[in-house]
Amino acid sequence: MKDIAIKVENLGKCYRLGAKEEKQDSIVASIADTIRSPIKNYRKYRSLYNFDEADTDSANVLQALNDVSFEVKAGERIGIIGGNGAGKSTLLKILSKITPPTTGKTTIKGRVSSLLEVGTGFHPELTGRENIYLNGTILGMRKTEVDRKFDEIVDFSGIDEFLDTPVKRYSSGMRVRLAFAVAAHLEPEILIVDEVLAVGDANFQHKCLNKMENVAQSGRTVLFVSHNMAAITQLCERALWLEKGHLKQEGSVDEIVTAYLSAGTAGHSTWVPEEGKELIVACEVKMLGAKLNNPNDVKLGSIANFDSPLELQIRYEITKPSRNVKIFYRVSDMSGNLIFTSMDTDSPVSHGHLRDAGEYESNTRIGGFLRPGRYNITIGAKGGVQRLDQFENVLTFDVSSQGCPMVPVNRKGIITPVLDWQIKPAS
Amino acid sequence: MEQNNTQVTVIKPISGWQSLDFREIKEYRDLFYFLVWRDIKVLYAQTIMGFSWAIISPLIQIIVFTLIFGKLAKVPTDGIPYFLFSTLAIIPWTYMSSAMDASSNSLVAQKALLGKIYLPRLIFPIIPILSKLVDFFISIVIVIAVLVFYDVSPTWNLIYLPLFVLMMMAVPAAIGLFLSSMAIRYRDVKFALGFIVKLLIYSAPILYSAQQIPDVYRFFYSLNPIVGVIEGFRACLLGTEIPWLYIVPGMFTCVIGLVLGALYFKRMEKVFVDVI
Numbered sequence: 001m002k003d004i005a006i007k008v009e010n011l012g013k014c015y016r017l018g019a020k021e022e023k024q025d026s027i028v029a030s031i032a033d034t035i036r037s038p039i040k041n042y043r044k045y046r047s048l049y050n051f052d053e054a055d056t057d058s059a060n061v062l063q064a065l066n067d068v069s070f071e072v073k074a075g076e077r078i079g080i081i082g083g084n085g086a087g088k089s090t091l092l093k094i095l096s097k098i099t100p101p102t103t104g105k106t107t108i109k110g111r112v113s114s115l116l117e118v119g120t121g122f123h124p125e126l127t128g129r130e131n132i133y134l135n136g137t138i139l140g141m142r143k144t145e146v147d148r149k150f151d152e153i154v155d156f157s158g159i160d161e162f163l164d165t166p167v168k169r170y171s172s173g174m175r176v177r178l179a180f181a182v183a184a185h186l187e188p189e190i191l192i193v194d195e196v197l198a199v200g201d202a203n204f205q206h207k208c209l210n211k212m213e214n215v216a217q218s219g220r221t222v223l224f225v226s227h228n229m230a231a232i233t234q235l236c237e238r239a240l241w242l243e244k245g246h247l248k249q250e251g252s253v254d255e256i257v258t259a260y261l262s263a264g265t266a267g268h269s270t271w272v273p274e275e276g277k278e279l280i281v282a283c284e285v286k287m288l289g290a291k292l293n294n295p296n297d298v299k300l301g302s303i304a305n306f307d308s309p310l311e312l313q314i315r316y317e318i319t320k321p322s323r324n325v326k327i328f329y330r331v332s333d334m335s336g337n338l339i340f341t342s343m344d345t346d347s348p349v350s351h352g353h354l355r356d357a358g359e360y361e362s363n364t365r366i367g368g369f370l371r372p373g374r375y376n377i378t379i380g381a382k383g384g385v386q387r388l389d390q391f392e393n394v395l396t397f398d399v400s401s402q403g404c405p406m407v408p409v410n411r412k413g414i415i416t417p418v419l420d421w422q423i424k425p426a427s
Numbered sequence: 001m002e003q004n005n006t007q008v009t010v011i012k013p014i015s016g017w018q019s020l021d022f023r024e025i026k027e028y029r030d031l032f033y034f035l036v037w038r039d040i041k042v043l044y045a046q047t048i049m050g051f052s053w054a055i056i057s058p059l060i061q062i063i064v065f066t067l068i069f070g071k072l073a074k075v076p077t078d079g080i081p082y083f084l085f086s087t088l089a090i091i092p093w094t095y096m097s098s099a100m101d102a103s104s105n106s107l108v109a110q111k112a113l114l115g116k117i118y119l120p121r122l123i124f125p126i127i128p129i130l131s132k133l134v135d136f137f138i139s140i141v142i143v144i145a146v147l148v149f150y151d152v153s154p155t156w157n158l159i160y161l162p163l164f165v166l167m168m169m170a171v172p173a174a175i176g177l178f179l180s181s182m183a184i185r186y187r188d189v190k191f192a193l194g195f196i197v198k199l200l201i202y203s204a205p206i207l208y209s210a211q212q213i214p215d216v217y218r219f220f221y222s223l224n225p226i227v228g229v230i231e232g233f234r235a236c237l238l239g240t241e242i243p244w245l246y247i248v249p250g251m252f253t254c255v256i257g258l259v260l261g262a263l264y265f266k267r268m269e270k271v272f273v274d275v276i
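Residue numbers (the working numbering), protein chains in the order written: chain A, 1 to 427; chain B, 1 to 276.
It cannot be assumed that every hint is accurate.
To be verified - Simulated pairs of lysine-lysine, DSS-like, Cα-Cα distance not exceeding 25 Å:
#	chain 1	residue 1	chain 2	residue 2
1	B	K266	A	K97
2	A	K97	B	K26
3	B	K111	A	K143
4	A	K248	B	K12
Derived from the structure by calculation, the hints contain no laboratory data.
Generate the whole structure from the sequences, applying the supplied hints.
This is the structure in structure tokens:
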């Protein structure tokens with residue numbers, strides 16, 4: 001029953017990087033250059049797509065994918081992870097036939113729909129209704145298919161009042177909702193999805209993830225690229241890890257996500273300020289560094305389980321005795337939303353204490369209530385009256401969904417605290 | 001249920017010349033229809049005059065050309081009033097030049113779509129060929145009005161008109177296939193096209209009569225299919241004898257141009273996305 005849906009054999013893709021422009025330093029030379037340039041340009045643009053054996057290892061050829069092989073069974077949900085430039089998008093582009101591979105072969109069984117962007121082909125002058133049809137057919141639906149699902153799509157998007165308004169008058173949020181609504185109603189046998197969930201507001205993102213989960217559960221083959229490890233873990237059963245165009249590892253999603261995160265390509269768990277920039281003049285505190293640490297498992301570095309906090313240590317030097325020094329950090333999510341700020345003077349013992357010059361460290365614990373995902377930490381110090389200096393986004397950490405008593409993706413809100421409840425029969 | 005007819009796609013490196021996949025184009029016909037319709041719908045969005053622009057702009061051209069070439073330069077037109085003479089040529093020429101322009105720029109204009117989704121790319125240069133027909137059929141109003149004004153009655157020659165409409169569509173289609181794929185790699189096309197289209201008007205008997213070309217050069221002159229389209233249109237609508245000698249060579253050029261254009265397009269297709 002479980003036959004192979006996608007078979008990728010030794011896939012490779014080269015891109016030619018732009019050759020460096022030569023600069024002439026005399027007028028005569030640059031005039032001569034201008035006259036010669038049409039021929040040079042012609043050769044340059046012509047060479048953009050010709051590759052031969054000798055070329056593959058030359059300096060201006062980029063191997064975006066190199067000898068990648070894997071198989072996907074029908075009905076399987078595969079997550080593809082990897083850092084920037086790992087070749088994830090190139091792989092999806094080849095599988096969606098957008099660009100041909102340089103080497104290798106792929107066999108795909110079944111109808112493919114790929115979603116590399118939401119709202120492909122939307123035209124601002126057309127109305128919502130017209131764009132549903134246009135976008136639907138661009139994504140591979142038949143007109144009759146769009147007819148059949150039209151009401152559902154409108155319902156999902158929640159824009160029924162504006163159906164006959166040109167899309168250019170929509171807010172950007174409405175546009176995204178409409179676009180995703182169309183995409184969510186595709187019914188291909190194989191669905192290829194690039195990081196498209198990273199749009200829209202949090203509520204709509206949850207709605208989309210749920211819809212994606214339904215799609216996945218209905219037995220369709222799904223290939224899903226995302227930087228959101230929580231989403232990958234939730235949606236996929238297996239994962240591929242690409243690194244610099246190579247398939248580094250494949251296996252069950254838990255195994256791969258853990259390996260990927262702990263490889264350190266993920267977060268920055270230590271930070272030391274650049275030489276000469278460590279002095280915070282405002283309050284005469286010199287930042288020496290900071291580090292994140294998982295107390296349960298040192299190997300995990302900056303990855304926290306949902307229920308076990310990370311340790312944050314900030315080291316600094318106070319250059320002259322002071323009563324006002326406050327060390328703080330802020331945590332913000334990857335879209336830049338500030339989640340909270342915490343100061344070392346929040347604990348009553350340390351407030352207003354006179355501190356001598358010298359080196360100090362402030363330790364704290366973060367976690368227990370953060371929604372699974374990735375976060376940035378900004379570190380700073382405050383002194384005197386309204387004087388404040390900070391180093392932005394110097395540390396990064398991930399919170400996994402392990403140990404989370406709820407299904408965090410379904411829970412609305414910025415944080416997911418586990419609070420104390422008492423349930424008892426009413427007296 | 002549909003297990004048996006699952007389609008199997010094989011993706012491999014592409015090299016050399018490719019044949020056309022007509023089955024695939026049929027598969028995407030709904031999309032083709034919507035893209036043509038989008039083009040038409042969007043063209044006159046947020047204008048006051050709407051589709052009457054399709055009449056106003058060729059009409060003003062005809063008036064200006066009549067004043068300059070008819071009244072001032074007194075270009076001979078075999079006894080046909082210059083206004084009538086130029087109307088019958090400017091209308092198909094307006095279609096050809098605007099379709100040529102839109103078709104050649106089609107891929108560059110749609111580059112956002114090209115990089116994000118797979119569609120048979122061949123449809124892009126073909127879309128303007130169809131969508132510009134709307135303007136053409138509207139501007140036919142001018143032709144009818146002028147024919148009525150000069151009291152020209154229809155003849156059986158009109159039977160041939162569809163043939164010349166087809167030929168009129170083939171000219172920009174062939175050029176569009178070549179230039180759209182070339183424009184992806186060399187943006188020079190965009191700059192060259194602008195003035196070449198303006199100059200092409202002199203390559204055909206639009207503002208002057210074909211009789212002024214010496215007979216020795218007639219064959220070479222008629223290899224240009226625009227000559228055939230214009231001569232054909234005039235003869236059909238005026239009811240004069242159809243000058244096949246001016247038309248047939250251009251027809252061959254058209255067919256050869258279409259075939260070569262499509263092959264060249266397919267050959268270039270694989271690099272579109274990477275060099276866009």
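>> For each hint given before, does the structure comply? Return the numbers of the non-compliant ones in rising order.
In response: Checked against the structure, no hint fails, so every one of them is satisfied.
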